[in-house]
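Kindly generate the complete structure, drawing on both the sequences and the hints.
Going down the list, the protein sequences come from chains A and B.
When we follow numbering that gives the first Met the number 0, the leftmost residue of the first sequence carries the number 0, and every step to the right adds one.
When we follow numbering that gives the first Met the number 0, the leftmost residue of the second sequence carries the number 0, and every step to the right adds one.
Mixed in with the good hints there might be a few duds.
It does not matter which identical chain is used: a pair holds within one copy or between any two.
[Claimed, not checked] In silico lysine-lysine, DSSO-like type, Cα no more than 30 Å apart, as pairs:
#1 Lys5 <-> Lys285
#2 Lys5 <-> Lys350
#3 Lys310 <-> Lys5
#4 Lys229 <-> Lys350
#5 Lys303 <-> Lys350
#6 Lys303 <-> Lys285
#7 Lys310 <-> Lys162
#8 Lys285 <-> Lys229
#9 Lys310 <-> Lys229
#10 Lys303 <-> Lys229
#11 Lys5 <-> Lys229
#12 Lys5 <-> Lys162
#13 Lys162 <-> Lys285
#14 Lys310 <-> Lys350
#15 Lys162 <-> Lys350
In case anyone wonders, no lab produced these hints; they're calculated from the structure.
Computed from a prediction, not measured in an experiment: that's the story for all the values here.
Chain residues, written in single-letter form:
There are 2 protein chains.
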Amino acid sequence: MSASLKNDRLLRALLRQPVGVTPIWIMRQAGRYLPEYRATRERAGSFMNLCRTPELACEVTLQPLRRFSLDAAILFSDILTIPDAMGLGLYFVEGEGPRFEHPVRNRSDIHALGVPDPENELRYVTDALRLIRHELDGAVPLIGFSGSPWTLASYMVEGRSSKEFTRIRSLLYEDPGTLHDLLDLLAEAVTRYLNAQILAGAQAVMIFDTWGGMLTSGAYLEFSLYYMQKVVEELIRESEGRRVPVTLFTKGGGQWLEAIARTGCDAIGLDWTTDISEARQRVGEKVALQGNLDPAVLYASPEKIVREAHKILAAFGAGPGHVFNLGHGIHPGIDPSHVAALVDAVHQVRKDA
Amino acid sequence: MSASLKNDRLLRALLRQPVGVTPIWIMRQAGRYLPEYRATRERAGSFMNLCRTPELACEVTLQPLRRFSLDAAILFSDILTIPDAMGLGLYFVEGEGPRFEHPVRNRSDIHALGVPDPENELRYVTDALRLIRHELDGAVPLIGFSGSPWTLASYMVEGRSSKEFTRIRSLLYEDPGTLHDLLDLLAEAVTRYLNAQILAGAQAVMIFDTWGGMLTSGAYLEFSLYYMQKVVEELIRESEGRRVPVTLFTKGGGQWLEAIARTGCDAIGLDWTTDISEARQRVGEKVALQGNLDPAVLYASPEKIVREAHKILAAFGAGPGHVFNLGHGIHPGIDPSHVAALVDAVHQVRKDA
Numbered sequence: 000m001s002a003s004l005k006n007d008r009l010l011r012a013l014l015r016q017p018v019g020v021t022p023i024w025i026m027r028q029a030g031r032y033l034p035e036y037r038a039t040r041e042r043a044g045s046f047m048n049l050c051r052t053p054e055l056a057c058e059v060t061l062q063p064l065r066r067f068s069l070d071a072a073i074l075f076s077d078i079l080t081i082p083d084a085m086g087l088g089l090y091f092v093e094g095e096g097p098r099f100e101h102p103v104r105n106r107s108d109i110h111a112l113g114v115p116d117p118e119n120e121l122r123y124v125t126d127a128l129r130l131i132r133h134e135l136d137g138a139v140p141l142i143g144f145s146g147s148p149w150t151l152a153s154y155m156v157e158g159r160s161s162k163e164f165t166r167i168r169s170l171l172y173e174d175p176g177t178l179h180d181l182l183d184l185l186a187e188a189v190t191r192y193l194n195a196q197i198l199a200g201a202q203a204v205m206i207f208d209t210w211g212g213m214l215t216s217g218a219y220l221e222f223s224l225y226y227m228q229k230v231v232e233e234l235i236r237e238s239e240g241r242r243v244p245v246t247l248f249t250k251g252g253g254q255w256l257e258a259i260a261r262t263g264c265d266a267i268g269l270d271w272t273t274d275i276s277e278a279r280q281r282v283g284e285k286v287a288l289q290g291n292l293d294p295a296v297l298y299a300s301p302e303k304i305v306r307e308a309h310k311i312l313a314a315f316g317a318g319p320g321h322v323f324n325l326g327h328g329i330h331p332g333i334d335p336s337h338v339a340a341l342v343d344a345v346h347q348v349r350k351d352a
Numbered sequence: 000m001s002a003s004l005k006n007d008r009l010l011r012a013l014l015r016q017p018v019g020v021t022p023i024w025i026m027r028q029a030g031r032y033l034p035e036y037r038a039t040r041e042r043a044g045s046f047m048n049l050c051r052t053p054e055l056a057c058e059v060t061l062q063p064l065r066r067f068s069l070d071a072a073i074l075f076s077d078i079l080t081i082p083d084a085m086g087l088g089l090y091f092v093e094g095e096g097p098r099f100e101h102p103v104r105n106r107s108d109i110h111a112l113g114v115p116d117p118e119n120e121l122r123y124v125t126d127a128l129r130l131i132r133h134e135l136d137g138a139v140p141l142i143g144f145s146g147s148p149w150t151l152a153s154y155m156v157e158g159r160s161s162k163e164f165t166r167i168r169s170l171l172y173e174d175p176g177t178l179h180d181l182l183d184l185l186a187e188a189v190t191r192y193l194n195a196q197i198l199a200g201a202q203a204v205m206i207f208d209t210w211g212g213m214l215t216s217g218a219y220l221e222f223s224l225y226y227m228q229k230v231v232e233e234l235i236r237e238s239e240g241r242r243v244p245v246t247l248f249t250k251g252g253g254q255w256l257e258a259i260a261r262t263g264c265d266a267i268g269l270d271w272t273t274d275i276s277e278a279r280q281r282v283g284e285k286v287a288l289q290g291n292l293d294p295a296v297l298y299a300s301p302e303k304i305v306r307e308a309h310k311i312l313a314a315f316g317a318g319p320g321h322v323f324n325l326g327h328g329i330h331p332g333i334d335p336s337h338v339a340a341l342v343d344a345v346h347q348v349r350k351d352a
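Structure follows, in structure tokens:
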């Protein structure tokens, strides 16, 4: 597992070290836009079976790397494994996203929850990571991830995805103490989970804060960012003799980049609405930036994709600290050949140090 | 119609003139959270019948003013009346939002569209405004509104509300020229529509850009804000001897306030994610600000509502130029007595000039 990396561009860029070309990976790169993914998903029977079977999770993790010269693999899993391991009963309704059989709705539900042991209830995740590392054989780094405490709490209280997330936003104003108890517990669970992922071979980790963007500025700092910072502070930051970079991604968080940069994270993931050139001016030398091509660009012709990719590279400009990515997950309807065009376009531009 | 206003706080605040207390109105103040609205809506048979019958539209416009000491009435209508008048066939599916029978999907669909005559195809709107003005009898000002060109185009191309609005975002990258043709036409239609509303008695107007926030910074400036500015430049700005203030509201537009402030609008509507104190620092003396209580606060107890309302007032601070509102439309599940608590809380605070 300590074999040296053949391609360490991702790790270097996340730490703002010089790289010859900008590394690229794609959020949801293992996913429904790939026919081989759909075949494996079919074989697994259900999405959760796919996540829970290390051989299958490993297989779909590696699929995009066989097609495209991506600079990283990312564990195939779901952001909601932690609440599932807490006993909430995660399941998926086709075309409607995740749901919980047992949402938490009040103080006693919340106080009955415990922190899962990652090497027990979430063993399928660490097993998958070990297997993927073995199969990767040092080709590219492997990224581990978790949902943010706030995002986990949003689904746990609401019971499902929602346009408004009314229940948790009501709880926030009506009984903030109870919500803080839940977030405290989740921060501990996320910390343990990500540290177990690092010990199992994750060489970088990312925290997805899918729903932080629904909050007021004040509430974002108090209920989302504060708990991400707690996690960042407790993460194992060096493993196998290298620094393990941590990236925070808040969808809709473009207004709060300065605050995110102060958490001690190594990099910020940007959604596509933020101008990456302005973002860089705002965060200065503090952190690297990951992003942020509009995922809808991939519907356009390869020629347009190349042009838009070059715009992002030019907007970031010279100097270290850029990991290319989409500003959100790739859409299921994208033609894989368009992804190839994107990856090649990014790699064709020589990066000035 | 030229009767002087008994309460002109709204107009004064929008023009950054001193007021004794901060005026307040509430987005979707005429709506499903009111039992009397639900009764009238039932009587109308369909949502579009309610919009298209001036007597009923007038009735629901006035309902919230009978309950709460609001500082403005806003025309009851839908943001999609223009594309409906263009022949796209607007209809509503219960719980799923607006849809069009005939979405526009290609260059020839788009080039076949014409600009509706507001005093003909949209006569029901101007008739409603005249009736409401008569009934208001100068009690408070009447606000007219329209969807923004970008927001109208989003629904027209997509055919319905959507999580991703993939079709229009693809069109934007693949064939921007055709999209610009559509937006040009819509800017002209919105201008004519709002000017007709002003001539029919609207004393302030607001443009709702519900979907501008899904764009990249560059695309927002080019495809949304540019066309709102075109509208602003062509609006009738004085009527009945008073300035007619125009407010621009882009949901998710907190990153672009400086640019919005440069369009020549009088005020910016803020969604709840933006800190109003920071917003004020960013736009300076250029424009007034409208907003921006998190609509979810209204689920909390009256005591908490009062506290959060006072926080917004304090965050805006002393000096003119604040119109209190929610950061988005009121949710249908809110208890009307909570709205009363909010309105009273805002009016209880004496405003330093």
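Going down the list of hints, with the structure as the test:
no. : hint              : in the structure
1   : Lys5 <-> Lys285   : within (27 Å within a copy, 55 Å between copies)
2   : Lys5 <-> Lys350   : within (19 Å within a copy, 65 Å between copies)
3   : Lys310 <-> Lys5   : within (28 Å within a copy, 54 Å between copies)
4   : Lys229 <-> Lys350 : neither (34 Å within a copy, 40 Å between copies)
5   : Lys303 <-> Lys350 : within (21 Å within a copy, 53 Å between copies)
6   : Lys303 <-> Lys285 : neither (32 Å within a copy, 38 Å between copies)
7   : Lys310 <-> Lys162 : between (32 Å within a copy, 26 Å between copies)
8   : Lys285 <-> Lys229 : within (18 Å within a copy, 39 Å between copies)
9   : Lys310 <-> Lys229 : between (35 Å within a copy, 27 Å between copies)
10  : Lys303 <-> Lys229 : between (41 Å within a copy, 28 Å between copies)
11  : Lys5 <-> Lys229   : neither (33 Å within a copy, 54 Å between copies)
12  : Lys5 <-> Lys162   : neither (43 Å within a copy, 39 Å between copies)
13  : Lys162 <-> Lys285 : neither (34 Å within a copy, 33 Å between copies)
14  : Lys310 <-> Lys350 : within (14 Å within a copy, 47 Å between copies)
15  : Lys162 <-> Lys350 : neither (41 Å within a copy, 35 Å between copies)
In the structure shown, a violation is registered for the earlier hints numbered 4, 6, 11, 12, 13, 15, in ascending order.
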